[in-house]
Amino acid sequence: MGSHAMFSQMVTLRRSALVVLALLASVSSAFAQFEIVGSWAARNTEDISRDSYPVDYVGLPLNDEGRTRALAYNESQLAMIERQCEGWPQFYFVQGPFGLRIWSEDDPIKGNAISYTIGGWEDRAPMVIWMDGRPEPSKYAEHTRGGFTTGKWEGNTLVARTTHMKAGFLRKNGPPSSDQTTMTSRFFRHGDIMTVLVVIEDPIYLAEPHIITKSFQLSAAPISPIGPPCVSTFEGRPLDESVPHFVPEKNPFVDELTKKFGLPRDVVLGRRETMYPEYRKTIKDTFVTQPACTRNCGAVPNR
Amino acid sequence: MRRYSLLALFAVAIALPVAVHAQGRGGPAAPPPTARASAPIDLTGYWVAVVNEDWRYRMVTPAKGDYGGVPITKEALQIVNNWDPAADEKAGEECKSYGAAAVMRLPARLHITWQDDTTLKVDVDAGTQTRVFRFGPAAAAAGTPTWQGDSTAQWERGGGRGAPPVGGSLTVVTRNVRPGYLRKNGVPYSANATVTEYFDLSPSPGGQMLVVTTVVDDPRYLLQPLIVSSHFKKEADGSKWDPTPCSARW
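Each protein sequence line maps, in turn, to chains X and P. Residue 18 is where the first sequence starts when you use the working numbering, and the numbers rise one by one after that. Residue 130 is where the second sequence starts when you use the working numbering, and the numbers rise one by one after that.
Bound-form chain P, shown alone (with noise of 0.2 Å):
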């Protein structure tokens, strides 16, 4: 009997989790929770990037040919060498390093919100650009290729088995963009990059802070995929977003 009841209690303790998750079958079935209301973190608001990492590179505009720390390969390096800022501007591309695989690493501002429940907006102050990041099953690229391209997004939960979820993070995933440079002075990246991004958020003194890990692969012009990691803080309002158009020079 003692044994028995031991069993079922190992028995209940195992499927406890199960039976949570499963609340629901056999009625009528709920809705999904949309991805804003099942966010395990708010990326919501302002942010700040603070740039105390890569500066010659990122606040002013590096040399031509000064590619330190990017592992380029050959044919990149032509690019490299050729950089023109003036055809950049004649060709109406002065956008180019403001792309989905750079514009983290500028010295901007971030304003983060839910366009929808299952689309999260991230507007950058610097260059004037827009993010779109989706939650869902991830499309097959369609339509032109944009500077910002197109971003799958999926929640990562803190926590586990029986355990309470606790915070958690935003893998991003983008493809389908428009050819451009990972620095100001055409470091370049193809139109077959995929940017790989995580999100997380951590208490700091006085506020927040967000961490961006991003992952450039692109076999054309990286020898081995671009990792680095940028963080921001956050700030409370808006009161010094100042949007400012593309430049290719500065």
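Chain X with its partners taken away, still in its complex shape (with noise of 0.2 Å):
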């Protein structure tokens, strides 16, 4: 053998380890993860995003101007024309009755996922999570209901990070959340259980992280997103009517919890104390259990 026909064998040789290290690489890689596509199911057996109670801050770390602020609120105005259809924040796809449908846009040549969306609600965009490496937008770039999501694996959690939202609601009933808000997503796996762990912050409205956890059960039935796409349209209100509101410290509903079951003030106006076993040592010796449920006490067996 000529050392020109040694030479171009190396070649070949480092050019062939250099492909199989690549495909283990991949190998690796799609092995490192989880099957997110699918349709989700929600149980609902924990909280969901609660509208009942104009005043219902239960759970919320917020900060004394979140609260001025979810106070000010008045859920008449969603009867204004122009806000029928401004739906929710990304963090209502752990907060709302429904489940998920999840789907990949695959690279078509290496096969990985380009980018994962979570299907839209009628009142919640669609959330794309990019997971191509692609950067966050510029800080000046349009803020959207739906924000910016991109992704990324940390072993066998898919980690999603969500900025440039507009700003809206925590809650339903008014809790806000500005347009500096971020969201991380984390998504674990168990079998056919996917438990998702929401942290939200935002330097606005609240004191700490708002932390939500939602399981969701793989469903052989598929789930799809639901439409149709919001329409608006006359609910009484004239477009020249002032925005519905309150004066905060005048909230006509801000008893309404306490007076139906017996939550202290602080409670329901979601101070961060609120969140930690220690609080129970301070209202132990006042709290009144209410009398016996016999309205709305929960599901209707059905065997």
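Do not rely on the hints blindly, as some may be mistaken.
[As the list claims (entries may be wrong)] Which stretches of chain P does chain X cover? Using the computed rule of at least three CB atoms under 8 Å from a CB of chain X, they are:
1. 198 to 204
2. 330 to 338
[Unchecked claim] Below are the BS3-like pairs computed for lysine-lysine, each with C-alpha atoms no more than 27 Å apart in a straight line:
3. P/LYS362 with X/LYS169
4. P/LYS219 with X/LYS298
5. X/LYS301 with P/LYS363
6. X/LYS301 with P/LYS369
7. P/LYS203 with X/LYS301
8. P/LYS369 with X/LYS298
9. P/LYS369 with X/LYS169
10. X/LYS127 with X/LYS183
11. P/LYS203 with X/LYS277
[As the list claims (entries may be wrong)] Some but not every residue of chain X turned toward chain P, in silico, with C-beta under 10 Å:
12. ILE53
13. VAL75
14. GLY76
15. VAL176
16. ARG178
17. SER232
18. PHE233
19. PRO294
20. THR306
21. CYS310
Just so you know, the hints here were simulated from the structure itself, not pulled from any lab data. Just so it is clear, the structure is predicted and the values come from calculations on it, not from any experiment. Don't be surprised by glycine CBs; every beta carbon is placed ideally from N, CA and C.
Bring the two chains, given one by one in their own frames, into a single complex with the hints.
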């Protein structure tokens, strides 16, 4: 064998080794993930976004500014024709009552996911989780209702970060979220159960990050993204009227939960210290368990 | 020749992960690493529950008859409507709402330690309960059922074929439990309940978080498995550790 032939063979071997290493890397990467694509049913055995009571900020770590804004909110704003189709921010995907339909856009050559999309609902924009390494937009870029989300795998956990959302609400009854809010979502899968941990950070209205966990169950029956698209219509409020609101100190619903469930006002108004075990000590001697439930006590057993 | 070289490289590449795992074959068998030594995540330390979900069912005693969110059977509804904390106290069963199916949902602090190389211990200050997670094959239920039952633990590892392990999680299955309450106000689970839990860790702003997903399967009292997820923040030390006795009323 001549030296030219040997050199040529070495080059070929080196190329082959590179190909094999690349293959190994792609195999490793593929196995370092779980399948997130599919239909995931919500079981709703935990809190869902509360809009039954106008003042219910229980479990929210609001700061004073956030609390004041929340108390100023009047749900009649939703009757304003320009606000009917505003929709809710992305964190509603773990607060709303619906299941998730998730699909991917795959690279046709490499086979890896370029993006995952969590299908939208009538009142929540779809969430596209970009997996291709693209950077977040400039801080001056447009904010949208759906925001901008990038994702990456950390072992068997999908981690997604959402930025560039418009100002909105943490819950449907008025606690606000600013346009500086970011959301980090972690998706853990165990068999047919997927638990999502969401951490919402807002330097304007939150005293500390707001944490939500919610579990979904893989569904054999397909779950469709829920539509149809929202269509605004006249609901009795002329365009020239003012924005419905309350003077925060005079919100007429501030004691509703206290009367109904005996919850202290600090709890109802979303003070962060109420979320930790030691808070129980401060109310142990004053809390009065309410009379037996007679209406709307839970789902009706069917067997 | 080139083709053979390429094939050989492929063969080596495909065999590599297997070869790594098969090291030691033919030589003196090395003992498998213990559960403690092979832990893909470190759950030890003090953790505090962040109770911002189901607040009125967890932080205070809900009204009798209120079982919102729990898919109970008609038989269970009878128990819910006949809840009597005084009777539980009289029977010495104040700990009914502190059993394995409910204890991770309590407003509580956890202290997780290794009892030995194959046993993870979880102390809970609310109700002064102790859970024992044993690694290894599941043992047949034996002995008198207890509030915390018999728990078998197993690591789930992140990463995959050829990839270095990255993180992981813990799965715990608990059986042989004493009948208890899912909530303080008498929403029941039976002795046949199986509790499956998944423990995941996550970095969080300023520290670390523990997420526990609990699945309670009880065909007698639940129409479908009850799935809840609870979250905890890691604390630097046990300065806020506050053991309290069980209470049937608070």
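Results of checking the hints against the structure:
For the region 198 to 204 of chain P, the stated coverage by chain X holds: 6 residues have a C-beta nearer than 8 Å to a C-beta of that chain, and at least 3 were required. Coverage of the region 330 to 338 of chain P by chain X holds in this model, with 4 residues showing a Cβ closer than 8 Å to a Cβ of that chain against a need of three. With a C-alpha separation of about 23 Å, the suggested pairing of P/LYS362 with X/LYS169 holds against the 27 Å cut-off. As the CA atoms of P/LYS219 and X/LYS298 are separated by approximately 25 Å, the hinted pair is consistent with the 27 Å bound.
For the suggested pair X/LYS301 and P/LYS363, the alpha carbons sit about 25 Å apart, so the restraint of at most 27 Å is met. Proximity of X/LYS301 to P/LYS369 is assessed by CA-CA distance (about 18 Å); at most 27 Å being required, the pair is judged to hold. Note on P/LYS203 and X/LYS301: the hinted pairing is violated, with a Cα-Cα distance of about 32 Å set against a maximum of 27 Å. Among the hinted pairs, P/LYS369 with X/LYS298 is consistent with the structure: their alpha-carbon atoms are about 13 Å apart, no more than 27 Å.
A C-alpha spacing of about 36 Å is found between P/LYS369 and X/LYS169, which places the hinted pair above 27 Å, so the restraint is violated. Between X/LYS127 and X/LYS183 the CA atoms are separated by roughly 35 Å; this puts the pair beyond 27 Å, and the hint is violated. At most 27 Å may separate the alpha-carbon atoms for a hinted pair to count; P/LYS203 and X/LYS277 meet this at roughly 26 Å. Below 10 Å, beta-carbon pairs count as interface contacts, and X/ILE53 has none with chain P, the closest being about 15 Å; its hint is therefore violated.
Because the closest C-beta pair between X/VAL75 and chain P is about 5 Å apart, less than 10 Å, the hint holds. Against a cut-off of 10 Å between C-beta atoms, the interface hint on X/GLY76 holds, since the closest Cβ of chain P lies about 3 Å away. About 9 Å separates the beta-carbon of X/VAL176 from the nearest beta-carbon of chain P, less than 10 Å, and the hint is met. Because the beta carbon of X/ARG178 sits about 12 Å from the nearest beta carbon in chain P, more than 10 Å, this interface hint is broken.
The closest approach between the C-beta of X/SER232 and any C-beta of chain P is roughly 5 Å, which is under the 10 Å cut-off, so the hint is satisfied. The restraint placing X/PHE233 at the interface with chain P holds, with a minimum CB-CB distance near 9 Å, inside the 10 Å limit. Below 10 Å, beta-carbon pairs count as interface contacts, and X/PRO294 has one with chain P at about 4 Å; its hint therefore holds. A least Cβ separation of about 5 Å between X/THR306 and chain P falls short of the 10 Å threshold, and the interface hint therefore holds.
A least Cβ separation of about 4 Å between X/CYS310 and chain P falls short of the 10 Å threshold, and the interface hint therefore holds.
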